[in-house]
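Engineer: The residues making up each chain are set out below.
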Amino acid sequence: MRAVVKDGMGIFTPQGFLDGNNSASFLSIEDIEATTKLNADMILVSLKKVVFFNRNGLDAFVKMFMRVRSASHATVGFCDYNEKKFKAIGNFYKDDLNFSLFLTQEVASLFASSFKNQSKNVLLYSEDKSQRAAMAIELHDNGHNPIITQTYEEFQEKAKAENAYDVIIENTYLGQMGQQVATRVTGNAIIYTVSSFLDTEIGSTFNIAYHNNSLNVGFRLFIFDAYKVVSMNVHALNFFSKLASSSAEYNATICFVGMTFEKTPIEFKETLEDSGIMFFEQMDDILQNKELLNELGASSAASVKNKRAINKVMVTELPNFIDATVATIEMMTNSQAIKEAAKVDKIEISDKENKIASSIGFYGDMDGMVMLVFPVEIAKKACELLIGEETDDIEMILDTLAELVNIVGGKVKTLLSEQGINVDITLPRTYPNVDALLEIAQDKKGVQVDLSFSGDNFLFFLTR
Amino acid sequence: MITKDKIDTYIEKIPPSSKVLQVTIKLLNDGELAKAAQIASQDLALSAYLKDLVNKPIYGFKTEVKDINQIFGILGVAKSQQTVYNYMITLLSPAKWKLFQLNKTSFSNLQAELSASWQKILKHLHTEDKELESAIALLPASIIVSEALFSEKIEDVNLLRSVHSIDLNTILQRLCNVDLFDICEQIANKWEMSPEIAQIVQAASGVKPSEDEKLNMLGKWMHLLLFYTLSQPAYIEAELNDFIEFQIEYVGDIYDDFAMLMEIS
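For the record, the sequence lines run as chains A and B. Just so you know, the numbering used here puts 45 at position 45 of the first sequence, and the rest follows in order with no gaps. Just so you know, the numbering used here puts 1174 at position 174 of the second sequence, and the rest follows in order with no gaps.
Think of the hints as simulated: they come from the structure by calculation, not from any bench. Idealized CB from N, CA, C, for every residue including glycine. Honestly, I wouldn't trust all of these hints.
[What the hints assert, rightly or not] Covered stretches of chain B, as calculated for chain A (at least 3 residues, CB under 8 Å):
#1 1089-1099
#2 1125-1135
#3 1155-1161
#4 1165-1171
#5 1237-1250
#6 1255-1265
[To be verified] Okay, derived cross-link-like pairs now, EDC-like style, lysine to aspartate or glutamate, Cα gap no bigger than 16 Å in a straight line:
#7 A/K49 with B/E1064
#8 A/K228 with A/D141
#9 B/K1004 with A/E330
#10 B/K1190 with B/E1064
#11 A/K84 with B/E1249
#12 A/K48 with B/E1064
#13 A/K94 with A/D59
#14 A/K49 with B/D1167
#15 A/K413 with A/D365
#16 A/K63 with A/E83
#17 B/K1051 with B/E1064
#18 B/K1006 with A/E33
#19 A/K85 with B/E1249
[What the hints assert, rightly or not] The following label-pair restraints were derived from C-beta to C-beta distances:
#20 B/E1155 with A/E291: 19 to 25 Å
#21 B/I1058 with A/A134: 34 to 40 Å
#22 A/M366 with B/E1192: 58 to 64 Å
#23 B/K1056 with A/N91: 38 to 44 Å
#24 A/K242 with B/E1155: 34 to 40 Å
#25 B/L1261 with A/F197: 36 to 42 Å
#26 B/P1233 with A/F197: 21 to 27 Å
#27 B/S1162 with A/R67: 17 to 23 Å
Work the whole structure out from these sequences, hints included.
Structural biologist: Set out below in structure tokens:
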């Protein structure tokens, strides 16, 4: 069984009965190995569809948790259970509970380092005082507003208030949390949060694959939120110097915010500045300064100096990219997708109203990016199989479009590998409007193909 | 991926039940075990299936049982009818399984295990009706239909399921407005099985409760039994555990009773 990964969370969903006889069958050695390489911030096992489990049944998953955590520093645990199941797990593992328990996947997402939604009002209760404090700190660190209740009566009373809280947390336990460097996206900048002592560990806690993916999909500004950093040693200094050099190849900028040098040699700052890293006192010094943001490349790809043209290899492989897109749309809609027209030029979108887009990058033997632009209604139609219900929730539609473009990326990877070309795909990215896409794509030359299915048009753009 | 036309073609290709099977079922319906055995013996494949089944360890016979008359005698009317239906379902199974890691033996074991547990359940519910006993035979048809429709699309299915948690039944429903259990019902109709059988199996999908309280209750037990059986290591490894979605709330009111009957602790 494999985990489904979304927004940095890998979820296993076993069904039925979990006991000592069958739990190992859910997870082969290959499954565990694949999970350690997922680059997910959280690996969770949902108990939503499990009607019965005992300790032996959970043990196989707990062993997997330990392997994953030591390999990738991800947060691990169970989620989607009721109070009875929560108490049962607590009894099974009593003093040995070193994984987390999240009431729901939504609750878990609040603690995920690559969280998307911030500033949630969260009502919080745990019998354990230290757990209450730990959860509140984590939630606060992740940009939420935790409201802690000291007694169960107070919690019940407050929980009655309708629409007062975005999320209500109970029956949740924070085990050892992931030690990965927390990541979040603000506009076109990526913010990494680092804290305490920066030493050789940074090499394993910093998700370099995510960073490289972000460079590949067009991010150019990376900010290290270093308010809580106590000190940095020479190993960390080397790490950040190398990171700055490799990012410079993409014309990307790395900044540190809030870093003090009371316990770190001031020479380190000079070394880091020499390698291109910039220092700021406050986050707002960057984020509220549009001129500076433009200069640093966070608002437009126009600052990318080395614009790369599509090359012969890419044009040769173009049919594979088109085929992957066409096959995915056909698979998702059961209707035939037709190629209408193709041209090599800058992206041209005639009518920008009510359109959304998604992109996925690929890198390896060849590199580039596939972009798909849909009218919102057509995107809904293309994603009908995954959405399954009528919705105007634009967040949900964008999320599903990301899944669709992820499938396109997967197909591209397969089709290219059949010809001996090995590529990896990046995380998908979505754009709520055409302007957001054009910030990345407007000056890039590429192949634009107008496609249609069931008479509805959408746009495919392949670029580097 | 899967079109309505493909489903229609698949159903069209399902052969009607043979004369021998029709007569055997009719005689079993009339309680004519000896005559039914005589007719059934004419179908060598059916005879081999019956011998293979009744000599499985689950039946616990010390010496090999070979005679069809004796087999029908051991099984009794209701179970004999159920076994003939089980045999009919195996006629639809592929020569080589691709989507699920099954083979002739493991599929037949699955049928036998479901049948034995179903009999236990009906006894527990004090329900004696040969049509109801036979209903379990149709349930594994949903697995065969999944294999037939999705085996050529394994890569697409895997890619889809790697980014989105979705079961085969839902994929089919959303693409074609027809689900695996509708197709099972059509098979049941084609083979002139009792309408009650199809209704129970539809309810056993977990997403289409029956309006008939009794049939709905049996559907719940069958849904839970399916996941109890598919939680066995062999079937998890065969990748059957999540081919349809387990509706845990649907079976909430019978779980304790089920757990007691199956001695789950």
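Engineer: Go through the numbered hints given earlier and state which of them the structure violates, listing their numbers in rising order.
Structural biologist: 1, 2, 7, 10, 12, 16, 18, 20, 21, 25 and 26
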